[in-house]
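Undergrad: Chains as they are written, first to last, in our numbering: chain C, 6 to 165; chain U, 20 to 676; chain G, 128 to 230; chain H, 288 to 665.
To be clear, the hints were calculated from the coordinates, so they are not data collected in a lab.
Small disclaimer: the values here were computed from a predicted structure and weren't measured.
Watch out, some of these pointers could steer you wrong.
[As the list claims (entries may be wrong)] Facing chain C, a subset of chain U residues (Cβ under 7 Å, in silico): (1) 659; (2) 666; (3) 673.
Just so you know, even glycine gets a beta-carbon here, dropped at the ideal spot from N, CA and C.
Residue-level listing of the chains:
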Amino acid sequence: MSTVAFAAIAILTLAAALAAATLQKLMHAALSFAVMFVGISAFFFLLGAEFIGLVQIFVYIGAVAVLIVFTILLTRHDAEKVRGFNWSGVIVAVAVFAGLGWAISKTKSLSIVPQQIQPVTVQRIGELLMTNYVWPLLCVGVLLTVALIGALILVMEEKS
Amino acid sequence: MNSWITTNVWLIPAAPILAALLILALGKAARRQGAAYAVIGQLVALTMSIFAFVPTLHSHGFRSVQNFTWFTFGEQTLRIGFVLDPLAAAMLVMISLVGLCIFIFSVGYMAEDKNFSRFFAYLSFFSGAMLGVVIANSLVLLFVFWELVGLASYLLIGFWIERPSAAAAAKKAFITMRIGDMGFFLGILWLYHRSGTLLFYDGGQGCLENVGLLTLGASATFIALLIFCGAVGKSGQFPLHVWLPDAMEGPTPVSALIHAATMVAAGVFLVARVYPIFLVGAINGVTPSLTVVVWIGVVTGLMAALIAVAQFDIKRILAYSTVSQLGLMMVSLGVGGVAAGIMHLLAHGFFKALLFLGAGSVIHGCHHEQDIRKMGGLCRLMPVTFSTYAIGMMALSGVPFFFSGGWTKEEILHATAQWPRSHMPYYLMLVGVFLTALYMTRQIIFVFFGNRRAASEHAHESPSVMTLPLIVLAVCAILFSVVLTPAWRWLENYLTGHPARFDPHLLIQPMIIVSLALVGAGASLGIWMYRRAAGSDPIQQVQPALFRFLENKMWIDEIYDRTVIALAAIAARFSDWMDRYVWDGLVRGVGAIGHFFARLTSDADERVINAGVDEGTVGAHGFGRLMSRRHSGQIQTYLGALALGMLALVLLYAWLG
Amino acid sequence: MPTLSILLVVSAALFCIGLLAALSRRHAIFILIGIEMMLAAANLNFIAFWRFAPQPAQPTGVMVAIFAIAIAAAEAAVGLAMVIAVYRHFRTTNVDQLDHLKG
Amino acid sequence: MLSGRAPDWVIQAASSLLNIVALLGVFLTLFALISVLERKILGRMQNRYGPNRVGPFGLFQPVADGIKMLIKEDIVPARADKIVHFLAPVLIAATAILSLGVIPYGRNMTPFIIDGGILFFFAVGSTTELAVFMAGWGSNNKFSMLGAMRAIAQMISYELPLIITVLPVVMIVGSLNPDKIVAGQSNYSLGVVPHWFVFTPWGAVAFVLFFVSGLVESNRTPFDVPEGESEIVAGHMTEYSGFKYATFFMAEYIGMFAISGLGVTLFLGGWHAPIHFLEFIPSYVWFFVKLSILLFVYIWLRGTLPRTRVDQIMNFAWKFMLPMAFTCVIAAAVWHYIGRGLRGWLWSLAVIAVVYFTLSILLDSRRKFAPRTYRFAE
């Protein structure tokens, strides 16, 4: 069951990713991008990290995808005009993939199957966030605030 | 309430600092509010200081310590803390009370200044930093506040930044103090290296407690001297005293705050605070480091008193008298009279603030004229200022029985006389006492008696917002003597932690006759010499060379100009020369070599391989184009290069592992 | 359940597709999409390594993934704001034309 | 039976299917019922009869409507993005139904038991925005696009207070699991006063804020600006007809059910009875009673309030709802740390009151919501 599920999710994710990277229409690419994140969340569910999966959907589909779509809309005059494809990028990407794949296949210690695991509960994550990771949490809070303000300032109308 | 303040003693400096931030936030327009916040902040600090003072009365040798960890790096933790003991409590009350008087005085004195609120922000900031110095229980925390005090004094001395002399004075003060602070900092580092802690008191583990002191050993002398460097800089001791008289460029309340009550006292306070380090390895109460302290104090005290005799600027006379008095305190600390030194410090805080504010009142009344030769006959015009000023003058001169300065000076002389190593400091100090009486009499005669001169024609008494602090301080200067008398050594016992007893027989001691005679002699000589002086100085007429020597502050500034500063200038010029000729020459030489080769190549190019030139340029051009295309300014190109670099890294790791 | 190496290959593929999007497309938004994909691939690796670690394991991988998501969100917000700002200024989102850094 | 022999995944699949079928059956029926009831109730409020021609009391009206919708022509604009245009209603309905899955309808009646159920609800719910956008963009129509933009703007703005008002409940219970949240409200004082969160000051305020945000999220009156027919035809649904339109319509209602169900779960004690001895009545009855009351309020509001203006909605969200939502979090913390007793009750009430009055003074509603002045139209 889970091998089948894994294969299905992997195919869905990679296909969506490829679509997001190559589709001509920007809007379609953005929507494929959202689908890809559903696939990644499914991976997370499969791997026992429910919370991360939900957060992933929440953040990426609820926020980032909408943001991207908005940006496309705000730069729409350009969205249909800017086309074209840089084939040298394909070569680089394929080369990187080949290198990574070779490195992974060469490493013997990676061909292991997972053991049984207690799924990590939300409560445990909350406890960790409030104890061991409280400083990173605060830093991320500051970062998000700064990003919010920074983004607002960036998109403010330029005074001419 | 009591225990509440002893555990939260940090609130005392926090109040003025908060006020300072608030005033700065309010901005320039909020003049009235700014002053109100500053005064309220100081009032809160005073109230809390008094609350903090109360529990230290209940038990003798009271000490409350609050330590906490500031940060941890590796195995080491840096801990800082606050301490409340009689020394700190007495200083807190004195600083906040005198500070409050000065704040209120400033409301009147600075009323017309355009940067009124900024002034109060600085004042509050200064006051908070100074209160912080007093309650710090760690050398590093003390150093932080110490530097904040330095910064605040820089800002305040240079408050009238548009005057070049004020800016120069501020810079001078800052740099001179930095020289001392460099030594102080080295001392801190050395102390930390030896004892591993910078806390003063830490339940027996602090650097001033037995365990800490034992680890110091022979290096204690050097550590003590290095720390003393900081005190020398801040307290204006010889040879770093030069900034203090120049700092009179600041507004008069600033002079009062910095040079009377608080900042210059910080040096004395510092020595008293780390006194156990000075005492390590003491034989009969004498150590090499303390001997240095004594002689520095003696030299400073005498030299400043001599210079003060020949000054004409009303504030400069007071400044030199401050330097002289600080020398006296240092002597007291050096010979073992810690309590006497601190008592004199507290008493001096009151009467010197009184004198400075009185001088401020005079300057205000004389329309910002500071030359005493142009004043005169003010005693009728400014009765309140005159009477309070006279009280301050008598306290400073050391008139016994009624004035606080008299008793404390007596204590110091007493302690100095008993110093086992030499009697010389005692005799020199007596000369200093005599000179003090002389120059104060001179000043008061010039300013308040005789005929009215240019500046005093239209003088007027200051408003009550300025005279009220004067009266308060004058009352303090007199009443303070009650707790200082030898018959009832309440303050001394409070500071040293013994119960006080009342013994009227000790009221009159033989040594008091000596100082009474000296003060009387000084004052009489002053009256005799200056009574007919009308705008000129009799010494100047009799001994012009000596007078010029003193008037020009013994040419110490000039000596510094010729030596230290000249040396720095030479070093700078040398560096400039090195840069200009040696390094530049090297570069030019390399350039010339390159040039030579270039010429060679060009010749070869032109003459030898003229045929291959076309081919070569085409190739070079092509390569340049290729490289230039790599640097296309396009993000994707860079990203691709990044990815390839990462790929190379991955392959390298996979290949190695 | 598949082995770790297969999972890693999938995430490597995802990463490379992200790289492809970032390198090959002319529109600035694609670069952002590509970067987000690469971050997601990295997240997948974190979770995978956590899942395949000897048990019981500290959920460090999960925590890192949480922070990575938060930071990626911030990055997306600022990045898209920059795209809009750049569009307003240069009237284009074609990265080929944005070469003011050209040496 | 065979269950002992059947492989695990068969059982899983079967139970999931059963859940889904039950959910769909119940809520589609409820949708049909509510759609006709709404019209009848609105009719009452407007002093007229509602639908009363089809079947007894007009109860078969939805059947007739359904048939009409099904057989209507499905128009797709020529310039539309066909795929996106088609996917939008599918996605919106799917997410709406999915979010129903984590709500506990009764004792042991939670379809999908997920540790982070509340998070799941919002994660899935946030997808709605994308679907709305797809509808607006895919139609290639100015009104659709404007409607979608309005909808997304207000949904994003109100998602923040919606989620933040849930936080205090999650904080107090210490779990994102809806079952545990219901269990956290299962006690009674004296057997008559249930420990529902709505009976605490922070809970009451959070519930009101939650309800208002829910109104916005489901685009109901008075916040139905995105489909305000007097301004932009029908918003993002302009170019939809036939069954696709019906799907949108259904998704909207199901979203309303879901948000009301979550409100019942979070604040109104879930499936618990209001009085202890009434617990013998089946738990799902209580749930649906509470749900029906909330739905009635929705309809009631629709019949009562006029539509708000776009800028008013946005101002209200950012300047009032958001600060108040944060206040709820703080008030809940105060309530918890003072000991969850009467003292905590009063203190948290004080916190809320202070913030409320401060906000009202700062916002000075008289000035902000004064009659509109026209600069050009006079």
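Undergrad: Just to be careful: measuring from the Cβ of residue 659(U) to every Cβ in chain C, is the smallest value less than 7 Å?
TA: holds (5 Å)
Undergrad: Using Cβ atoms only, decide whether residue 673(U) comes closer than 7 Å to chain C, and label the hint accordingly.
TA: holds (4 Å)
Undergrad: So, residue 666(U) near chain C? Judge it on the closest CB pair being under 7 Å.
TA: holds (4 Å)
The earlier numbered hints are all upheld by this structure, with none contradicted.
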